[in-house]
Amino acid sequence: MKTIYFDHAATTPVHPEVIQAMIPVLEKHFGNPSSVHHFGRQARKIVDDARSVMAQSIHANEKEIVFTSGGTESNNLAIIGTALKHQSRGKHIITTEIEHHASLHAVEYLEKQGFDVTYIPAGESGRISAEDIYEHLREDTILVSVMYVNNETGIIQPIKEIGQVLADHQAYFYTDAVQAYGTLPIDVKELGVDLLSVSSHKIYGPKGIGFLYVREGALLQSLQHGGEQERKRRAGTENTAAMKGFQKAVELLMQNREKRNETYRYFKQQFLQNLRDEDIQFSLNGEQQFAVPGIVNISFPGINVETFLTNLDLSMVAASSGSACTAGSVDPSHVLAAMFGSDDPRTRNSVRFSFGMDNDEEDIKEGARRIAQIVKRLTL
Amino acid sequence: MKDPKDTRVVVGMSGGVDSSVTALLLKEQGYDVVGIFMKNWDDTDENGVCTATEDFEDVVRVANQLDIPYYSVNFEKEYWDKVFTYFLEEYKAGRTPNPDVMCNKEIKFKAFLDHALALGADYVATGHYARIRKNGETYEMLRGNDSNKDQTYFLNQLPQSVLSKIMFPLGAYTKEEVREMAKKHNLATATKKDSTGICFIGERNFKEFLSEYLPAQPGKMMTLDGEEKGQHDGLMYYTIGQRQGLGIGGPGGPWFVVGKNLEQNILYVAQGYHNDYLYSDALEAVQVNWISGKEMTEPFSCTAKFRYRQKDSEVTVYPQDRGEVKVVFAEPQRAITPGQAVVFYDGEVCLGGGTIDRVIKNDQYVDYLA
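In order, the protein sequences belong to chains U and V. Counting in my numbering, the first sequence runs from 1 upward without gaps. Counting in my numbering, the second sequence runs from 1 upward without gaps.
By construction, these hints were calculated from the structure, which means they are not laboratory data. Careful: at least some of the hints might be erroneous.
Incomplete in silico selection of chain U near chain V, CB under 10 Å [said to hold, decoys possible]:
# : residue
1 : N304
2 : E306
3 : L309
4 : D313
5 : S315
6 : L378
The calculated BS3-like cross-link candidates involving lysine-lysine, where the alpha carbons are at most 25 Å apart (straight line), are [stated by the list, open to error]:
#  : chain 1 : residue 1 : chain 2 : residue 2
7  : U       : K160      : U       : K2
8  : V       : K165      : V       : K2
9  : U       : K45       : U       : K232
10 : V       : K77       : V       : K110
11 : V       : K175      : V       : K193
12 : U       : K189      : U       : K85
13 : U       : K376      : V       : K110
14 : V       : K165      : V       : K175
15 : V       : K2        : U       : K2
16 : V       : K165      : V       : K134
17 : V       : K27       : U       : K2
18 : V       : K294      : V       : K326
19 : V       : K5        : U       : K2
20 : U       : K376      : V       : K193
21 : V       : K27       : V       : K175
In this text, a Cβ means the ideal position worked out from N, Cα and C, and glycines have one as well.
With the hints as extra help, turn the sequences into a complete structure.
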């Protein structure tokens, strides 16, 4: 049976051109970018070139890019690094109930250290409002952390509007753009953010690499201590091969973003049409006018998500829901619980499908057919 | 019968050696094997350490060695509602429940079986030491070949509809052979220690654990003649015939628990292992399941076990109404304990069983639970 991958929001396959770009670095340019000899200089050039491409992609300057190991580290550095650095100016943090665990758990950690955290609810639309942020702002607020696109629902959050609300406030504004970057053009000045994170493996790049944009002048407490890499904001020998691959992935993204979006949009529309033609019951979670093209979160009344996902996998269809928790079992999604309330059946019968460039029309058709078959069997 | 490769068998994998070898044997026989770990209890401690996570890691290692897909399923709610609540209720009532019997009936061979069937399983397999044999249209449950490990006692509540859908590959082997097979195949769990704790909850200090859920009420310890012998820590901590933990000595031999008075919170004790008061000659059992699925109406003779790993005893069973039976012993029996299972056998065949409700001596109910 053909395997079908509908879990691109979890991770994407690596683009062949990315792999090709990485091989010479692994084979030849093995130097340490901090070394003062020519091996080092060669490696240093790889880091600088990659940094320049990252900066351009979000209309930032090179000094504002801090390479990290990916989304989770960027989130931790942005949130904890800001809080520790600026706690003398206040201990209040605003975030949302629908953040990724990489943000949410970082904030919860700070809460245990004595910070005061306000969690903004999302409501059925899956979208928070800039007014809500405004209403909860206090004089001692030092950080506002709101993700750009929710990883479970694909719902875009009003980052620019929040940026405007915060324009004259001392609080730093951080957005986790890991899920947004592959789809939305980003201009950090226009968004009014101080910090923004991106991960490579969501855009057909390698795992283990990402970056954090830190506005020039914004100060962070570094969390990792050692050498002077990344202007002392992130010590550790650079992962040069991954940076090279990441650079290639970003270049491809910049050339193809709109084309990719059109493809994703088409896949999603075909997919939903196929499900409708199969005459099964389902509804979409979140206000769809705000959804990115590649992600759709679907509730199937009468199914149990654990049984459903296992069945999907046994039929060679990969999708996911919420986040995997202890001992491999699936917890009800905290995002859907924040939107609908934890007792709502949608928190336990919803699955996220996310499409990518490696899918084709046959995948969409065949995937929808297998999915419908399972839904029918489980809801008999 | 379908070809093994077209027959999907879902194996309940606990991360122990028995279920690992179960999966191994089925895989070797060519079945379409799927491993599933059940998470039924959240025991995450203050350091974030959870034995379920460790056990799941072992399932992952073995499943990868066998090249079978593995998944996890969460039955914490079902376990709490159907097994743990019963467990606490029984203790509250002064009885000594058997959570493993209930866990097999409600979780492994109901919730889990339903889950497996929803995954397109033809059969569910577990690492129990028991055998299933089809005799005409009827499924029989036989003792495991390893008489020391036979687990039919815990499986006495299974109906025909369940037996037709399960496999016990280990029934044909001894524990030693199972360990040997695990070692021969270098399974990650080959030398893992057997769990001896409460089904899914794990090994822990029983008194401490129970006191987290039921308030302990210390009270008087008395002889049957009304002489005070000290304090007990809470009636639920004691079971009929128990010697350990009483903390009383003196001449005349060791002391044993012989009864409880729940209303007055008194624990009765008496001296001597063979104290007459511990012996009875009959019992009444409720919720009796006959594995054959055929209602028993006439009295019959067979053997029975009143506890796990006890030798069989000769009994005569008198079926009553509403799934109840009276069981008369050929020889007086010591420490028959309400809440435990009584399980009936005809030679190798397990006939079924029920829950011991009342104990009888000389045609009088014994006041174990006055």
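Quick one, are V:K165 and V:K175 close enough, alpha carbons at most 25 Å? holds (24 Å)
Restraint status (C-alpha distance of U:K376 to V:K110 at most 25 Å): holds (22 Å)
Going by Cβ atoms only, is U:N304 closer than 10 Å to chain V? holds (8 Å)
Could you grab the alpha-carbon distance between U:K160 and U:K2 and see if it respects the 25 Å cut-off? violated (42 Å)
Need the status of pair V:K27, U:K2: alpha-carbon distance at most 25 Å? holds (23 Å)
25 Å Cα cutoff - pair V:K294, V:K326: At roughly 18 Å apart (the allowed maximum being 25 Å), V:K326 and V:K294 satisfy the hint.
Given pair status - V:K2, V:K165, alpha carbons within 25 Å: holds (14 Å)
Pairwise hint evaluation, U:K232 against U:K45, where the allowed Cα distance is 25 Å at most: holds (18 Å)
Should the interface hint for U:S315 be scored as holding, given a Cβ-Cβ cut-off of 10 Å against chain V? Interface hint status for U:S315: holds (9 Å vs cutoff 10 Å).
Is the hinted pair V:K27 and V:K175 satisfied, with a Cα-Cα distance of at most 25 Å? holds (19 Å)
Could you check if U:L309 really has its C-beta closer than 10 Å to a C-beta on chain V? holds (8 Å)
Is U:K189 close enough to U:K85, meaning Cα to Cα at most 25 Å? holds (23 Å)
When held up to the earlier numbered hints, the structure conflicts with 7 and 20 and fits the remainder.
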